[in-house]
Each structure stands twice: as structure tokens, then as C-alpha cells.
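> First to last, the sequence lines map onto chains B and U. In this text, residue positions in the first sequence follow full-length UniProt numbering: the first is 1, and each later residue adds one. In this text, residue positions in the second sequence follow full-length UniProt numbering: the first is 1, and each later residue adds one.
These are computed hints drawn from the structure, not numbers from a lab. Only true hints are included.
Only pairs whose alpha carbons sit at most 16 Å apart, straight line, appear in this in silico EDC-like list of lysine to aspartate or glutamate:
#1 B:K92 - U:D84
#2 U:K73 - B:D244
#3 B:K92 - U:E91
#4 U:K73 - U:E155
#5 U:K29 - U:E180
#6 U:K90 - B:E87
#7 U:K90 - U:D130
The calculated label-pair distances, taken between Cβ atoms and stated as ranges, are:
#8 B:L3 - U:E199: 38 to 46 Å
#9 B:E201 - U:A58: 47 to 55 Å
#10 U:Q60 - B:E87: 27 to 35 Å
#11 B:L229 - U:R179: 49 to 57 Å
From the three backbone atoms N, C-alpha and C, an ideal C-beta is built for every residue, glycine too.
Given next are the chains, with one letter for each unit.
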Amino acid sequence: MILTIASREFRSLFLSPMAWTILAILQFILAFLFLTQVEAFTTLQPKLASIEGAPGLTDIIVPPLFGNAGIILLLVTPLLTMRLICEERRNKTLSLLLSAPVSNIDIILGKYLGILGLMLLIIALITLMPLSLLFGAELDLGKLFANILGLLLLVNAFAAIGLFMSCIAGHPTVAAMGTFGMLLLLWILDWSVGMNDQRSELFEYLSILRHFQNIQSGLISTVDVSYFLLFTATFIALSIRSLDNDRLQK
Amino acid sequence: MTTLIEAEHLTRYYGKHCAVNDVSFTLAKGEVLGFLGANGAGKTTTMQMLCGNLAPSAGQIKINGFDLLDQPKAAKLNLGYLPDTPPLYKELTVQEFLLYCARLHGIDKNAITHAIERAKERCGLTDVADRLIANLSKGFQQRVGIAQAILHNPEVIVLDEPTVGLDPIQIREIRALIRELGQDHGVILSTHILTEVQESCTHVQIIDQGQLILNETIAGLNRQMDTGTLQVSTRLTPDINSLLTIPGISSIESITENRIIIHHSVTANPAEQIAALVIAAGWGLQELTPVKRSMEDIFISLTKEHREL
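If we strip away everything but chain B, and leave its shape as in the complex, we get (with noise of 0.2 Å):
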């Protein structure tokens, strides 16, 4: 039943020009960033031989790459997410899945799981950027699944944060502006860290960068990608909770 719900989700997307013009311009630019940071690399490389324990290509090209398609995916998820439950609540259409033998959570699992299909597909041709480097090249696999995990974690967060909003906005644009102000805000807050001397443990474990950074760097501990999932389970419970007071008050 989920997977049904998740089918129609992923397959709307593509009915409509949003999903396609995404992809588009996100691979890009995405593409764009890919080639100067190979072209970077090809000049270094000399200097690079010399030094001993420099950085490989791996370290050039990979993380950068991954760590621009996490900011550019912060602006994108919003778009992605806000049309997810306040459309159908707009457009009376929710009604058809509250009278259905479908239980909430299977509607909100349903509807996460169909944009995290669209944000998988992201993430594959991202990917394939430095894979195609093979043909040529050796590459730090390890790190490079690293990364991969790291932007995977990171969608699954953002895409749990849109849902959320899109649960309680009455308007997408609402939802979406929402979103986009939670998610930088969880963005920047170790910004704060670094200008006083003062440490914010807090802001500091809060802060979405900080995690995706150290499992950027290859690091996969279990606080970063605990975070993440508890992080993505919050959300998708307080969605379900919200659509749950949804049949209570109006």
C-alpha cells in the first residue's frame, strides 16, 4: 500500500515539467562544477606529485562536488516537497486516501518514499560524474561511497524536513518557504561557533554542515549518521502526527 502511494508520488513528479527541468539544471550545473574541478586537478598535478601525502584526485574532485550538490539540493528540496500533502489538501484530493483502507502512516511513508525515489535518481547521476573518471583514472572508492552516503543522509533530512512543512503549511509556497528557512538555519549554525571563542556544543551537534562534513571526509561515525536518521525519523513522525490532528480539529 505504500508502494503504491510511493509509485503515484514519483510518477506525478514526472507528469508535470517540474521533475525534468530539475534534473536538467541540476546536472547542469552540477556537470559545470565537475569539469573545473577536473580541470583544477590537471593543473595541480604536478605540484601534487611532488608533495608527499597530498591530496588525490578523489580529494579534489568528490567531496567539492558532493558538498555544492548538498547546497544546491537545499534550494531544490523545498521545491520538491511542498506540494506533497498541501497540494491534496488544497485540492480536496486528501480525502480519497483518509477514506481509503490506508493508514496515516502508510499515506506519509507513501508520499516520503516517492520523493526520496526522485532524490535517489539525483543522487545516480551525480554520481556518475566521477565514475566515468574510471575509464581513465583510479579512484578512492571508499571515500567516494562516503560521499554518497553522506548526500543520501543529507536528502533523506532535507526531504523529511519539506514533508513536514508541506503537512502543516496551508499554502506550498508557505510550506516551501518554510522549509528553506529551517533547513539553511540548520545550515549555518555553526557559523556562529567560529566568530567568539565560545563553543556551542549545541549548535555545534545541531548543525546539518558539521555532520555532512565529517562523513564527507570518509569519517562514517555512528553520532553523524545516527544523526541523520533521528533527525529523519522526527520529522516523518511529526508528519504523521499532524495528519493524525488533521481528522481531530479543523
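Let chain B serve as the given structure and place chain U on it in line with the hints.
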């Protein structure tokens, strides 16, 4: 008779405003229940509660024996619902949409094609199956909404104003469909069109300001309409005193010389004797019609009575 819906003491508040107040009723298989009420009387709220879209503030709903709150999935399996705005994904074609609904309601894989064909046929959608829902006229969209509600052959079908936006021919088809569905399902439909209730329902309920003020069978309603009044026209002036001797007649008033109104008790119908007397006396019978209260009259008088209380 299997009871399909048991609603007990349903109450629903929106903030402080009480939209539905202590409504109880049952629906059995083979019944078509018409839900009548003015705008804002609480029809849609009641239906949303029946279909699990809205939780009642108090009260209990059982669908086909399953409590809607405790076993929502089992209860909703037996439910088909058409809300006041048909819930349609406009970017899908009719066929795709119905396929999605079929999967959502857990129809067996092998039975899906047949179920969709049948629903399309019943709602006259076969010709438009491959068109986008967004491009269909309102009437067709309404029909897709009905198709969606009957697709999985549910025991209980709840239709919120099913004939809104349809042309007269479509209205007639949909009413026939509702009557047909009523034979082996339980159907609830809400409407503010009174003739619709008379044409397609077996039972009628009138709701006003959140309260149920009438719960009757159509036959019972017809009896209520029978006011015990006959209108008689004759060519010559009739003799009122000799008419008064007929048993069962309570009073006679004459409107014009040749036209009188006869009140009689509801239990006895003296029409035959009156006709015989008028003809025997040679007054020249031209018209003898029972005066009936219309559905509108009953509806208006009941709501008026209720509001004055």
C-alpha cells in the same frame, strides 16, 4: 437484514460551534438513505465522520460491524466515498486514476481489470477512459468521482451531492444507478434537491442545525404528505349537507360555487362514496383530486418547527 452502518450519538464541534449534535441512525443492506438539509445543516460533516475523514467529538460509528476508530482499515475496506468535491488527480487519465484507486483499496490483482471495466461501464466512462481528467467536463469529473466510490464494490457507499453539475439526462442515469446500487449495497446520499430523495431513496432523514429532525421511510413520508384533503369540482353547485352525511368526512369548505374542498380523516378515504354521490345526484363531476403536501412543504414546516423550539 444486515446492518451496515451504526452511528450512535455523533457529535462534532468546530471550536465552540456545534456542527452535528447527537445524531444516531442505522443503515441496512438494500436501503438508500437520503440525507436532506439546508446549507450548513451538518450533512457534509456527518458524512466526513462516517468516512473517517473527521473524528467525531463524541459518539461511535460502526461500519459493517467494524468500529471506525478501533479497526479503521477493516471498516474502510467496506466503504466507498464521494466527497462534495470529487477527489481527482487531474494530471492522470481516467484509466490511470481508477487503477490507482483500485490498488489503494487493495483489490486483488487479477480482479482489477474487471473491476475498472465494470465501474467505467456503470458510470458511462468507457469512451473517455484515455483522456486526462483535467480536460473532462464537470459532469464527467463527477462521474469519475462516482466510479471511484463504487470501484471496489463496497458494502456502504456514501455520496455527497452526487448529481451536482450533471445535465438532466445524466441526473436520470445516476439516479437509476443509485437505485440499482441500493439493491445489494447500503447507500447514503446527501442532497438538497427534494425530488431526488423521492425518486431514488427508500429512507429519508432531515437534518437541521446539526440535529436529526426526521427519520422516516419514503412510504411513511408519503403518508405524511397525505393530508386528508380532496378537491372536488362539479358542473352544478353541490349540496354540502348531503355530502357531510358520508362517513369519514370532517368538514367541507366551498371555494367557489362549483369548487369545494373536503377534509376527511387520514385513515378513511371517502373518495369513492363522494364520486358515487355526486354522480347519483347529477351534479356533473369534473374533478376529484387528493391534495398533497409536497416534500418542500414538509421540509419547510419541519425545519421551521425545529427552529422555533
